[in-house]
Amino acid sequence: MSDSDADAASVPSIDRVSGTGVPVRGNDIDTDQIIPARFMKVVTFDGLGEFAFFDQRFDDQDDRKDHPFNERRFQNASVLVVNANFGCGSSREHAPQALMRWGIDAIVGESFAEIFAGNCLALGIPTVTADEGTISELQTTVENHPDTELTVDVETETVTYERGSDDQSTTLDVAVDPAQRTALVDGIWDTTALMKSNEQAIEQTAADLPYIQ
Amino acid sequence: MSRGTLYDKVWDRHTVTTLPNGQDQLFVGLHLIHEVTSPQAFGMLRERDIEVARPDLTHATVDHIVPTADQSRPLGDDAAEEMMSELEQNVKAAGIEFDDPTTGNQGIVHVIGPEQGLTQPGMTIVCGDSHTSTHGAFGALAFGIGTSQIRDVLATQSIAMDKQRVRQIRVTGELSEHVGAKDIILTIIRELGTDGGVGHVYEYAGEAIESLGMEGRMSICNMSIEGGARAGYVNPDETTYEWLRDTEAFADDPERFEELRPYWESIKSDDDAEYDDVVEIDGSAIEPCVTWGTTPGQVAGVTEPIPDPTELPEAKRETARRAQEHMRVEPGETMNGYEIDVAFLGSCTNARLSDLRTAASFLEGRTVHPDVRAMVVPGSQRVKAAAEAEGLDAVFTDAGFDWRDAGCSMCLGMNEDQLDGDEACASSSNRNFVGRQGSKDGRTVLMSPVMVVAAAVTGEVTDVRTLPEVTVA
Ligand code: SF4
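Chain order of the listed sequences is A and B. Those letters in the first sequence? Residues 0 to 212, by numbering that gives the first Met the number 0. Those letters in the second sequence? Residues 0 to 472, by numbering that gives the first Met the number 0.
Hints are computed from structural coordinates only; laboratory data are not their basis. Wrong hints could be hidden among the right ones.
Stated by the list, open to error - Derived list of chain B stretches under chain A, where covered just means 3 residues or more per stretch with a C-beta under 8 Å from a C-beta of chain A:
no., segment
1, 8-14
2, 76-82
3, 115-122
4, 309-318
5, 358-368
6, 409-417
Predicted model only: the values in this text are computed from it and were never measured. Beta carbons are placed, not taken as given, at the ideal position from N, Cα and C, and that holds for glycine.
Sequences and hints are given; from them, build the entire structure.
Shown next as structure tokens:
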């Protein structure tokens, strides 16, 4: 189909993402925290960015609380650094949409909930993982030096940054799920276009299923 | 790698092809949609000028935002009304069947699928909702998906997925009195952790599972996702077939039932199936369970002490400490006696007819504590009607429960049913995250339906086994 071919061609490959970081510490940060349900009463994702982590950032009087997303020094960050089981809970794609619209282009963490990672991939946001020690080192670096430029390299599975008096370069090993890596690097993360080209095979599979009428 | 399991067989039967990114393209047998996660997907489809591929395999309901007190249109909440009309327009344009509240078939998406016989063994089922795992109770492979994947399914009736590992969880022995499906799944999550199932599909087996009815199996599969597993299933058996036979899918078409039965039998896990791992849990040792924290894995038996964070594995300490601060509980205490303000009997975990029956039979002859706001929200309009036909509504309202219309309600507080301030809620739902029930200071204690009733009656978390018997006149 010409339509889907055009779509497939327009999907960019995402080999690496560079930008400053923002650390959000804590395990089991669920999607209800990333975007509270009351902000989901919308029919488009536009405008969700300002509600990212809303209840962590504002109290009942809408006064600001301590949260990295409120700190001026992290306002331009595009790499989120988190701990374990990030994005657990509800499957709402509103969560990565809110983070993306706030400005996040890549997430580095100890581990991610599966549906969340899948939703991120569908938006072209890499979710790369590293062990607890590495993450903690990265979070501390970003906290102490918020202007540190991080490069999340999906292809080589590393995070690199330069820091210190002699701009010494540090490279950390991270892991990227193989399917995610291929999809991002080859620019084939738009699965609608990919799958639509297999229309005949879809029909054949359906025809072989006894329950499909 | 697993071999010969239901998961392997259903996966193979539905594999269209392997995609260049290494994922498999799976055909989707049933796509369920609702108002919260579908509008954006329909929007994306319109942008690309793509039509819905298989409206005949798509089924819609409205559940998250519907009010449970007054469903007349336009809905009182403008944002809710907008979502509802958007869904109406989308399904109408695409020719998708829609159980709107005027049909008598509306309800929570994971309640209506099974009760209408849409959910069948050996199917692949997806929905933009993480509790789609519920449908696994019938031996289907059922996954929650995000909005971009909904777009995929609308456009191609298929989904791109990585194959996962299969863990069999065998729950052995006989359950004690007042211990049920909810206590089993809370115990499993407690044992294996909220992320223990990541990368896995759970196959639930063993006598304690097999002895459950379909509704109990659904409660268990429902909360697979709380354990990190995207899907959970039970192999189909006579209990499954009994249920299906009575649904409209087969009641008038027994031939179709016989036609499909060999397929259902064929996709069951083989006796010598290989699993990536097997976990065994002693069902006879499970007591009524409650959560003490703010993740569904922070669980204790009702008479068991709340753990001391310093004695937990390091990764869990900080979360536990913060959870205890939020819940205002101390290590060493038990949850028994924890004061509650609200009792919520509802959600896709525990608002089916058998849940309401069990709760009502225990409630009969008792009354709700004067300081407790108690509500029952049936899982669907059919559940509601069936319960009313049996007089269960009278049992609830006589005791002081509010009897409401079907929807998700206070499970996630997207309609007007919400906790207020720091209210504590005894809840039969599935998530106790901070803010989940509509108030960020609200405190949720998850438990089984009968434990919700016990808490409603005494005004505090109560070991249901210790309540004195009542004689019903
Ligand atoms: S009842 Fe709760 S968990 Fe179930 S679908 Fe509704 S909001 Fe989700």
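With a Cβ-Cβ cutoff of 8 Å, does the segment 115-122 of chain B contain at least three residues near chain A? holds (count 3)
Between the segment 76-82 of chain B and chain A, are there enough contacts, at least three residues with CB-CB distance under 8 Å, for the coverage claim to hold? Our answer is that it holds, as 5 residues pass the Cβ test (under 8 Å) against chain A, meeting three.
Residues of the segment 358-368 of chain B with Cβ under 8 Å from chain A, three needed, outcome: Result for this restraint: violated, n = 0.
Has the segment 309-318 of chain B got at least three residues whose CB is nearer than 8 Å to a CB belonging to chain A? Contact hint for the segment 309-318 of chain B vs chain A: holds, 4 residues under 8 Å.
Coverage assertion for the segment 8-14 of chain B with respect to chain A, Cβ distance below 8 Å, three residues required: Three-residue rule met by the segment 8-14 of chain B, so holds; n is 3.
Verdict on chain A covering the segment 409-417 of chain B, where coverage means 3 or more residues with a C-beta closer than 8 Å: With 3 residues in contact (Cβ-Cβ under 8 Å with chain A), the coverage given for the segment 409-417 of chain B holds.
Hint 5 from the earlier list is the only one contradicted by this structure; the remaining hints agree with it.
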